[in-house]
Amino acid sequence: MALSLKNLSKNSQAALQAIGLFLLITIGILLIIFFTPAVEGTQKVQSGFYSFSQTISSWTADTFFDRETLRGEHKYYQDLASLHTHEEAYINELEQSVAQLEAALKYEETIGYTTTIARVLSRSINKERELLIDKGILDGIIVGQAVVVGDGHLVGEIIDLNDRTATVRLLQDKDSSIAAAILGSDKTIGLIEGREGYLLSMQFIPQDERIDVHDVAVTSGLDELIPSGLVIGVVSELITNDAAAFQEARIEQIIQENDFSYVTVMQIPL
Amino acid sequence: MNVVSTVIVALLFLVSLFFQTTIVQAFDIPLGATPIHLAIGFLLLHRGRIELGSAWIAITPIIAIWVGHIPGAWWAYILIAITGPILVKRIFAKRSLLALMGLSWSLYLIFMIASYSTFAEPVTMTWIGFIMLTISLIFIAYLERYVQRFSKRFILVRRKH
Chain A
1 MALSLKNLSK NSQAALQAIG LFLLITIGIL LIIFFTPAVE GTQKVQSGFY
51 SFSQTISSWT ADTFFDRETL RGEHKYYQDL ASLHTHEEAY INELEQSVAQ
101 LEAALKYEET IGYTTTIARV LSRSINKERE LLIDKGILDG IIVGQAVVVG
151 DGHLVGEIID LNDRTATVRL LQDKDSSIAA AILGSDKTIG LIEGREGYLL
201 SMQFIPQDER IDVHDVAVTS GLDELIPSGL VIGVVSELIT NDAAAFQEAR
251 IEQIIQENDF SYVTVMQIPL
Chain B
1 MNVVSTVIVA LLFLVSLFFQ TTIVQAFDIP LGATPIHLAI GFLLLHRGRI
51 ELGSAWIAIT PIIAIWVGHI PGAWWAYILI AITGPILVKR IFAKRSLLAL
101 MGLSWSLYLI FMIASYSTFA EPVTMTWIGF IMLTISLIFI AYLERYVQRF
151 SKRFILVRRK H
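In order, the protein sequence lines correspond to chains A and B.
Residue numbers are given in this note's numbering: position 263 of the first sequence equals residue 263, and the series is strictly consecutive.
Residue numbers are given in this note's numbering: position 19 of the second sequence equals residue 19, and the series is strictly consecutive.
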């Protein structure tokens with residue numbers, strides 16, 4: 001009995017030593033690669049791998065799309081193209097107005113913020129639709145800043161920070177909520193919230209507000225750190241109920257989370 | 001020798017976590033839902049050293065803060081890190097592929113239920129993960145057997161009598 005107890009304690013001692021050594025080495029390596037200048041290299045390698053996998057993933061999706069999806073997409077882009085023609089005329093009209101109003105609105109204020117380009121290191125696949133990017137507190141990023149891709153397509157906002165990394169909550173996340181307006185309208189008409197899947201939902205649209213399918217939803221600027229005019233998506237469906245106090249619209253994002261490996265963080269000063 | 005193997009396990013841990021968060025999860029579902037890091041942890045728990053397998057699973061959510069995002073609730077990992085060694089010793093002690101499958105399915109089921117209870121995971125996602133876990137386990141178990149044979153033949157230096 002005494003011998004077996006002795007053996008047991010010897011075994012547990014060896015196990016504890018192994019666990020201790022394992023933790024020591026893992027945390028040691030982690031400290032070296034994330035808290036020394038080596039972090040640059042690590043993040044470069046990590047984002048390189050992410051970018052490579054994301055390219056393969058997009059290529060696979062493009063190559064092996066089923067016929068129905070392709071047909072649906074074809075129709076969707078045809079509609080978008082026809083919408084584009086109408087929009088061109090509308091944009092011309094707007095451009096003239098903007099040129100006149102530019103001075104009065106102190107246009108420099110709307111572009112008076114800096115931007116930071118960040119690489120995507122990882123993305124979550126669970127319910128919390130999030131991205132990890134390689135810029136953090138040391139780069140001047142703060143919680144609440146807007147994250148865009150391309151020429152101003154909003155994809156999410158910063159929700160969590162480390163020294164050299166930041167977590168971006170994507171618009172599809174169920175906790176995401178952004179004040180929105182319809183392009184051409186100068187007032188906030190709803191909140192865009194995340195839903196499971198790729199569609200977003202625009203809530204709290206007043207019943208008297210006129211919205212059409214293919215209207216473009218943009219940020220309204222009501223959120224403190226998110227500038228106005230960032231494209232969120234296109235209205236794909238309207239859900240109206242006369243008995244309800246508000247209308248609802250489904251918004252389809254033009255850029256999907258798999259389409260990019262670089263993002264831009266908009267640093268609006270507080 | 002124990003120190004060497006612990007160092008190798010620690011390196012494998014970081015590589016596999018990077019692989020999971022950066023490469024695997026960049027793909028769409030179902031490939032993106034493959035819990036490859038967890039599968040290696042189960043294999044280590046069953047075929048390798050129990051204490052390291054348990055530590056592997058337990059520290060995953062902590063280390064993932066720096067490396068990337070991982071699926072599931074953090075305490076679901078702790079829960080399976082505690083129940084894992086008990087299941088290996090009491091029920092799935094046999095070193096067969098079926099026992100490995102039994103252990104992994106049981107632990108993943110606990111993981112799924114724990115994650116459901118906090119609504120951390122969509123239901124369909126975890127079931128896809130379950131299927132992908134099975135496929136990756138078969139692959140990893142065969143790979144392990146191959147690596148073992150290779151190392152016995154080429155790496156181990158046999159003592160001359």
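Derived from the structure by calculation, the hints contain no laboratory data.
Quick caveat: nothing in here was measured; it's all calculated off a predicted structure.
Even glycine gets a Cβ: it sits at the ideal position worked out from N, Cα and C.
Be a bit skeptical, because a hint or two may be false.
Taking lysine-lysine pairs in the BS3-like style, the calculated list, with each CA pair at most 27 Å apart, reads [unchecked claim]: (1) A:Lys135 / A:Lys174; (2) B:Lys94 / A:Lys10; (3) B:Lys89 / A:Lys10; (4) B:Lys152 / B:Lys94.
Reference listing, derived: stretches of chain B covered by chain A, where coverage requires no fewer than 3 residues with Cβ under 8 Å from a Cβ of chain A [claimed, not checked]: (5) 6-13; (6) 140-148.
Results for each hint:
At roughly 24 Å between alpha-carbon atoms, A:Lys135 and A:Lys174 fall within 27 Å of each other, so this suggested pair holds. Restraint check for B:Lys94 and A:Lys10: satisfied, since their Cα atoms lie roughly 24 Å apart, inside the 27 Å limit. With a C-alpha separation of about 18 Å, the suggested pairing of B:Lys89 with A:Lys10 holds against the 27 Å cut-off. Between B:Lys152 and B:Lys94 the CA atoms are separated by roughly 22 Å; this keeps the pair inside 27 Å, and the hint holds.
Against chain A, the stretch 6-13 of chain B contributes 6 residues with a C-beta closer than 8 Å to a partner C-beta. That satisfies the three-residue criterion, and the hint holds. Chain A is given as covering the stretch 140-148 of chain B, and this is violated because 0 residues of the stretch bring a CB closer than 8 Å to a CB of that chain, at least three being needed.
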